[in-house]
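*Asks:* If you're matching them up, the sequences are chains P and B in order.
According to the UniProt record's numbering, the first sequence is numbered sequentially starting from 1.
According to the UniProt record's numbering, the second sequence is numbered sequentially starting from 1.
Please keep in mind that the hints were generated in silico from the structure rather than gathered at the bench.
Treat the hints with care, as some may be off.
What the hints assert, rightly or not - As a list, the in silico BS3-like pairs of lysine-lysine whose alpha-carbon atoms are at most 30 Å apart:
1) P/Lys-443 with B/Lys-114
2) B/Lys-174 with P/Lys-443
3) P/Lys-414 with B/Lys-136
4) P/Lys-414 with B/Lys-104
5) B/Lys-28 with B/Lys-167
6) B/Lys-114 with B/Lys-193
7) B/Lys-136 with B/Lys-167
8) P/Lys-443 with B/Lys-102
9) P/Lys-414 with B/Lys-167
10) B/Lys-108 with B/Lys-167
11) B/Lys-193 with B/Lys-164
12) B/Lys-28 with B/Lys-193
13) B/Lys-46 with P/Lys-414
14) B/Lys-136 with B/Lys-102
15) P/Lys-414 with B/Lys-99
16) B/Lys-93 with B/Lys-136
17) B/Lys-46 with B/Lys-136
18) B/Lys-104 with B/Lys-6
19) P/Lys-414 with B/Lys-262
20) B/Lys-164 with B/Lys-38
21) B/Lys-164 with B/Lys-136
22) B/Lys-93 with B/Lys-104
23) P/Lys-414 with B/Lys-102
24) P/Lys-443 with B/Lys-206
25) B/Lys-28 with P/Lys-414
26) B/Lys-108 with P/Lys-414
27) P/Lys-414 with B/Lys-6
28) B/Lys-38 with B/Lys-93
29) B/Lys-93 with P/Lys-414
30) B/Lys-174 with B/Lys-136
31) P/Lys-443 with B/Lys-28
32) B/Lys-193 with P/Lys-414
33) B/Lys-206 with B/Lys-136
34) B/Lys-108 with P/Lys-443
35) B/Lys-46 with B/Lys-99
36) B/Lys-46 with B/Lys-262
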Amino acid sequence: MWGPVPLAPGPPGTETRCPRPGAPAPVPPVPTLAPRSPQPPAGAAPCPGAEQPHWGQAPAGPGPGAQQRGAGNPRAGGGERGRRRPASARRGPIGRAARRSGSPPIRRAARAPPSNSVAAGPAGPAPSRAAEERGGAEGDGRRAPPPGHVRARGSRRAGAPSLIRASQSGAAGGGAEAGGRPMARRGAGAGPVAAAARGRERRGRAGGGGAGPGAAGGGARLPPAMKCVIAGSNVRALGRAVHALSRIGDELYLEPTGSGLSLRAASPSRSAFASFLLAPLFFQLYQPGPPAAPPRCKVHMKTFLGVFRSLPALEKTVERCLLLLRPRASRLVVQLHCKYGITRTHNLAFQECERLQAVFDTQRCASSLCAPARVLAEAVVHFPQTLAEVTLAAGPGGRISLRSYVEDEAELGKAMVTELWLAPDEFQAVAVVPDSRITFCLKEFRGLLTFAEASNLPLTIHYDAPGRPAIFTLEDPLMEAHLVLATLLDPESSSQPPAANGISHAPAPSDDFADDLESYMIAMETSNYGEDLGAPPSPTFPLRTPHPIESTPQEEEEEEEEDGAVPGTPPHKKFRSLFFGSVMASGGPSPAPSQEVLAEDSDGEC
Amino acid sequence: MRFRAKIVDLACLNNFSRVVNTIARLAKTCTLRLTAGKLYFILCDKVANGGVSMWCELCQGNFFDEFQMEGVAADHNEIYLELTPENLSRALKTAQSAKAVKIKLTNKHCPCLKVSVELPSLSSSSRIVTHDIPVKVIPRRLWNDFREPRVPDFDVSIYLPALKTMKSVVERMKNLSHSIVIEANLNGEMNLKIETDLVSVTTHFKNLGNPPWASEDGCQSSAQDRDLESMAEARIDIKKLQQLLAGQQVNPTKALCNIVSKRIVHFILLHEDVSLQYFIPALA
Numbered sequence: 001m002w003g004p005v006p007l008a009p010g011p012p013g014t015e016t017r018c019p020r021p022g023a024p025a026p027v028p029p030v031p032t033l034a035p036r037s038p039q040p041p042a043g044a045a046p047c048p049g050a051e052q053p054h055w056g057q058a059p060a061g062p063g064p065g066a067q068q069r070g071a072g073n074p075r076a077g078g079g080e081r082g083r084r085r086p087a088s089a090r091r092g093p094i095g096r097a098a099r100r101s102g103s104p105p106i107r108r109a110a111r112a113p114p115s116n117s118v119a120a121g122p123a124g125p126a127p128s129r130a131a132e133e134r135g136g137a138e139g140d141g142r143r144a145p146p147p148g149h150v151r152a153r154g155s156r157r158a159g160a161p162s163l164i165r166a167s168q169s170g171a172a173g174g175g176a177e178a179g180g181r182p183m184a185r186r187g188a189g190a191g192p193v194a195a196a197a198r199g200r201e202r203r204g205r206a207g208g209g210g211a212g213p214g215a216a217g218g219g220a221r222l223p224p225a226m227k228c229v230i231a232g233s234n235v236r237a238l239g240r241a242v243h244a245l246s247r248i249g250d251e252l253y254l255e256p257t258g259s260g261l262s263l264r265a266a267s268p269s270r271s272a273f274a275s276f277l278l279a280p281l282f283f284q285l286y287q288p289g290p291p292a293a294p295p296r297c298k299v300h301m302k303t304f305l306g307v308f309r310s311l312p313a314l315e316k317t318v319e320r321c322l323l324l325l326r327p328r329a330s331r332l333v334v335q336l337h338c339k340y341g342i343t344r345t346h347n348l349a350f351q352e353c354e355r356l357q358a359v360f361d362t363q364r365c366a367s368s369l370c371a372p373a374r375v376l377a378e379a380v381v382h383f384p385q386t387l388a389e390v391t392l393a394a395g396p397g398g399r400i401s402l403r404s405y406v407e408d409e410a411e412l413g414k415a416m417v418t419e420l421w422l423a424p425d426e427f428q429a430v431a432v433v434p435d436s437r438i439t440f441c442l443k444e445f446r447g448l449l450t451f452a453e454a455s456n457l458p459l460t461i462h463y464d465a466p467g468r469p470a471i472f473t474l475e476d477p478l479m480e481a482h483l484v485l486a487t488l489l490d491p492e493s494s495s496q497p498p499a500a501n502g503i504s505h506a507p508a509p510s511d512d513f514a515d516d517l518e519s520y521m522i523a524m525e526t527s528n529y530g531e532d533l534g535a536p537p538s539p540t541f542p543l544r545t546p547h548p549i550e551s552t553p554q555e556e557e558e559e560e561e562e563d564g565a566v567p568g569t570p571p572h573k574k575f576r577s578l579f580f581g582s583v584m585a586s587g588g589p590s591p592a593p594s595q596e597v598l599a600e601d602s603d604g605e606c
Numbered sequence: 001m002r003f004r005a006k007i008v009d010l011a012c013l014n015n016f017s018r019v020v021n022t023i024a025r026l027a028k029t030c031t032l033r034l035t036a037g038k039l040y041f042i043l044c045d046k047v048a049n050g051g052v053s054m055w056c057e058l059c060q061g062n063f064f065d066e067f068q069m070e071g072v073a074a075d076h077n078e079i080y081l082e083l084t085p086e087n088l089s090r091a092l093k094t095a096q097s098a099k100a101v102k103i104k105l106t107n108k109h110c111p112c113l114k115v116s117v118e119l120p121s122l123s124s125s126s127r128i129v130t131h132d133i134p135v136k137v138i139p140r141r142l143w144n145d146f147r148e149p150r151v152p153d154f155d156v157s158i159y160l161p162a163l164k165t166m167k168s169v170v171e172r173m174k175n176l177s178h179s180i181v182i183e184a185n186l187n188g189e190m191n192l193k194i195e196t197d198l199v200s201v202t203t204h205f206k207n208l209g210n211p212p213w214a215s216e217d218g219c220q221s222s223a224q225d226r227d228l229e230s231m232a233e234a235r236i237d238i239k240k241l242q243q244l245l246a247g248q249q250v251n252p253t254k255a256l257c258n259i260v261s262k263r264i265v266h267f268i269l270l271h272e273d274v275s276l277q278y279f280i281p282a283l284a
């Protein structure tokens with residue numbers, strides 16, 4: 001059974017809550033604004049149509065309906081502004097209106113008379129005024145879009161259902177985050193900025209009250225939540241990392257932290273998890289954003305991969321890469337500065353999300369191997385591309401073997417079996433339990449190997465009993481990478497205790513409200529979460545979380561990778577079948593009897 | 001029944017893997033016939049395959065440094081195995097820099113052709129990769145199904161133009177039609193034609209030459225008194241032809257084709273140490 005890396009965030013549809021605390025606050029009208037709004041409703045009026053695109057982008061929880069909306073919406077900016085600028089224009093007014101009224105923005109917007117300058121679109125539900133304000137404050141309208149700039153359509157619309165949650169989070173988060181730079185600004189200064197934006201839009205019509213402060217705010221321009229500049233060959237490394245991650249899952253999780261930018265992905269079945277932590281040194285400039293409320297987002301792997309699709313081209317033409325996270329605009333901006341002064345800007349829509357985290361601990365692994373990536377890459381090349389899994393085993397004399405794993409006895413007569421022996425002296429370090437063996441997926445491993453080989457780094461494999469995750473690590477002063485792969489609970493080898501590692505989706509820390517949300521999520525997410533639930537959720541998660549505690553939201557913040565709880569989704573089909581096969585097998589010497597496989601056993605002996 | 005062989009020479013190894021590659025492109029499964037002096041890859045014409053058959057023959061001496069085999073019986077010193085050439089081709093693909101490749105017939109869990117590749121490594125000992133390719137041993141009573149096909153009593157026999165040229169022509173034609181007409185005469189002319197409702201395309205080749213067939217077996221009897229200019233033609237599946245042409249990684253020293261009007265096209269590709277015959281039946 002594939003256990004270990006179970007879970008990550010629920011499927012997209014389920015993700016209702018808006019993790020990011022301050023973001024969507026439909027609620028709070030800012031008091032300060034009221035006085036300031038010189039041209040209020042009027043201003044508000046123009047925008048209804050315009051905003052929508054905006055809303056979509058607003059960080060509010062992703063609503064189901066959101067996407068379509070975004071797509072359908074013509075993005076019209078204020079007439080004068082030109083299309084690029086629209087953000088501020090759109091947002092400003094609405095935010096205003098909403099603020100003032102204090103009533104749900106949605107209604108407001110709908111009522112507002114359409115302005116000529118703005119293309120009228122269907123008014124969307126406004127998830128949060130706050131979000132809009134922020135957007136306005138950010139003043140992205142002012143940003144001159146570079147030529148060739150690609151605009152991704154906002155995918156995140158707040159759907160009705162998500163609204164509630166979003167609002168909660170917004171309200172709670174607002175308070176919590178007050179200390180954070182942008183947030184603080186938002187609360188206090190949003191009004192003025194928005195006003196300024198509006199003023200600009202109107203060209204000189206700005207109200208006296210608003211103009212001054214607004215201008216000031218605009219000038220200051222809120223910093224993006226994250227800003228990184230990557231130079232030269234590191235861009236390629238980033239590209240390769242993205243390629244490696246793209247083998248894992250369909251979504252890429254980005255999280256700027258104090259220790260570096262973390263890029264993560266998990267497979268839909270939660271059987272694989274990978275994280276790349278790019279240290280601040282990796283960057284020419286690294287500004288992770290407010291430490292109190294690190295922005296977390298996920299983007300579609302495909303869109304992100306599209307930016308780095310061609311590695312050779314990346315190498316040839318790109319001199320610098322700029323990554324900006326603009327939560328207010330709901331945009332992850334990737335700018336590639338190429339030769340001859342060409343700049344490619346990709347504005348990617350992102351979703352806020354909880355933290356994606358796998359629970360694993362290399363220290364607990366009984367065996368480890370370290371070899372130059374090249375050795376392993378040359379070894380793996382002998383296996384057919386179509387082969388799904390390999391078994392790694394420690395043989396006599398310290399030799400390590402890799403062997404194709406054939407699922408089914410019936411297949412044995414048909415499938416080619418490849419086996420390869422590596423002498424211990426090809427490794428840099430070998431510390432393995434004699435006769436130990438694990439079976440894992442080759443595809444993800446190949447992805448990491450490609451990365452490691454290109455970076456010329458040694459790869460360390462940590463593994464334990466079958467059924468427990470195997471962890472592949474790369475370390476370098478500039479970056480570290482972890483790949484956690486489920487291993488097959490092998491019938492042949494006596495059953496083992498369930499794996500200790502898994503992926504957990506940690507909620508955003510720091511929000512007070514997180515608790516309820518968390519519990520809600522957990523409840524939804526299921527049964528396998530944990531120790532407490534005796535009920536076996538799905539057979540697919542053999543893993544148990546090592547530390548029961550970890551599941552509590554509060555703590556998550558602290559642990560990097562170590563803790564986590566695992567809610568999970570059933571593995572996709574293939575895995576499942578494997579899994580069943582293995583389930584039948586075992587009973588074993590392990591402290592935890594085989595049945596645990598079915599349910600996660602939380603108190604880990606491990 | 002026993003079989004073991006070893007290739008040490010790199011050139012031989014590359015050659016052998018090229019042959020296997022070609023076979024892998026032509027047939028999903030085929031029969032490997034081993035005799036003391038030769039190896040044969042055989043595909044016989046089952047209707048399910050579209051009636052295509054193939055006969056590829058190589059001298060073991062040209063490839064193997066060691067070659068030992070022991071058939072079922074002394075008087076039938078042969079082995080017939082059914083295998084997936086793709087597997088063999090894959091196993092050899094990563095053996096390009098091998099120090100040695102051994103091929104052995106084993107019967108562990110099931111009958112397998114075990115390919116062991118000894119690769120150079122960074123360490124003192126070399127790295128060994130083994131591939132167990134499952135095979136089916138074909139019982140003696142079925143051997144008769146795998147006889148060498150007779151050269152048909154063709155109407156026209158003609159040398160083929162450079163296969164690359166032919167390949168690029170056929171590949172383009174393939175986009176337009178499912179079938180292609182091959183016609184040739186004894187005057188060294190060959191045409192490749194497609195005809196659809198919308199378009200007809202013909203490529204003419206000239207001065208190709210006609211191989212002299214000794215009349216020993218009388219197989220060219222019908223060609224004997226044929227008008228030099230009159231074309232013999234057969235309409236065949238264009239995909240099959242394209243497959244054959246695409247599978248050729250080296251231009252053969254001689255390539256010719258025999259056409260039996262409206263019945264079958266027989267290709268013969270001769271390399272120094274390999275000969276490949278390929279039969280494509282005509283479409284109705």
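*Asks:* Hint by hint, note whether the structure agrees.
*Replies:* Going down the list of hints, with the structure as the test:
{"no.": "1", "hint": "P/Lys-443 with B/Lys-114", "verdict": "holds (25 Å)"}
{"no.": "2", "hint": "B/Lys-174 with P/Lys-443", "verdict": "violated (35 Å)"}
{"no.": "3", "hint": "P/Lys-414 with B/Lys-136", "verdict": "holds (10 Å)"}
{"no.": "4", "hint": "P/Lys-414 with B/Lys-104", "verdict": "holds (17 Å)"}
{"no.": "5", "hint": "B/Lys-28 with B/Lys-167", "verdict": "holds (21 Å)"}
{"no.": "6", "hint": "B/Lys-114 with B/Lys-193", "verdict": "violated (45 Å)"}
{"no.": "7", "hint": "B/Lys-136 with B/Lys-167", "verdict": "violated (34 Å)"}
{"no.": "8", "hint": "P/Lys-443 with B/Lys-102", "verdict": "holds (29 Å)"}
{"no.": "9", "hint": "P/Lys-414 with B/Lys-167", "verdict": "violated (33 Å)"}
{"no.": "10", "hint": "B/Lys-108 with B/Lys-167", "verdict": "violated (43 Å)"}
{"no.": "11", "hint": "B/Lys-193 with B/Lys-164", "verdict": "holds (17 Å)"}
{"no.": "12", "hint": "B/Lys-28 with B/Lys-193", "verdict": "holds (28 Å)"}
{"no.": "13", "hint": "B/Lys-46 with P/Lys-414", "verdict": "holds (21 Å)"}
{"no.": "14", "hint": "B/Lys-136 with B/Lys-102", "verdict": "holds (19 Å)"}
{"no.": "15", "hint": "P/Lys-414 with B/Lys-99", "verdict": "holds (28 Å)"}
{"no.": "16", "hint": "B/Lys-93 with B/Lys-136", "verdict": "holds (22 Å)"}
{"no.": "17", "hint": "B/Lys-46 with B/Lys-136", "verdict": "holds (18 Å)"}
{"no.": "18", "hint": "B/Lys-104 with B/Lys-6", "verdict": "holds (9 Å)"}
{"no.": "19", "hint": "P/Lys-414 with B/Lys-262", "verdict": "violated (39 Å)"}
{"no.": "20", "hint": "B/Lys-164 with B/Lys-38", "verdict": "holds (29 Å)"}
{"no.": "21", "hint": "B/Lys-164 with B/Lys-136", "verdict": "violated (35 Å)"}
{"no.": "22", "hint": "B/Lys-93 with B/Lys-104", "verdict": "holds (18 Å)"}
{"no.": "23", "hint": "P/Lys-414 with B/Lys-102", "verdict": "holds (21 Å)"}
{"no.": "24", "hint": "P/Lys-443 with B/Lys-206", "verdict": "violated (51 Å)"}
{"no.": "25", "hint": "B/Lys-28 with P/Lys-414", "verdict": "holds (13 Å)"}
{"no.": "26", "hint": "B/Lys-108 with P/Lys-414", "verdict": "holds (14 Å)"}
{"no.": "27", "hint": "P/Lys-414 with B/Lys-6", "verdict": "holds (24 Å)"}
{"no.": "28", "hint": "B/Lys-38 with B/Lys-93", "verdict": "holds (22 Å)"}
{"no.": "29", "hint": "B/Lys-93 with P/Lys-414", "verdict": "holds (20 Å)"}
{"no.": "30", "hint": "B/Lys-174 with B/Lys-136", "verdict": "violated (35 Å)"}
{"no.": "31", "hint": "P/Lys-443 with B/Lys-28", "verdict": "holds (25 Å)"}
{"no.": "32", "hint": "B/Lys-193 with P/Lys-414", "verdict": "violated (41 Å)"}
{"no.": "33", "hint": "B/Lys-206 with B/Lys-136", "verdict": "violated (46 Å)"}
{"no.": "34", "hint": "B/Lys-108 with P/Lys-443", "verdict": "holds (29 Å)"}
{"no.": "35", "hint": "B/Lys-46 with B/Lys-99", "verdict": "violated (39 Å)"}
{"no.": "36", "hint": "B/Lys-46 with B/Lys-262", "verdict": "holds (19 Å)"}
The structure shown violates the earlier hints numbered 2, 6, 7, 9, 10, 19, 21, 24, 30, 32, 33, 35.
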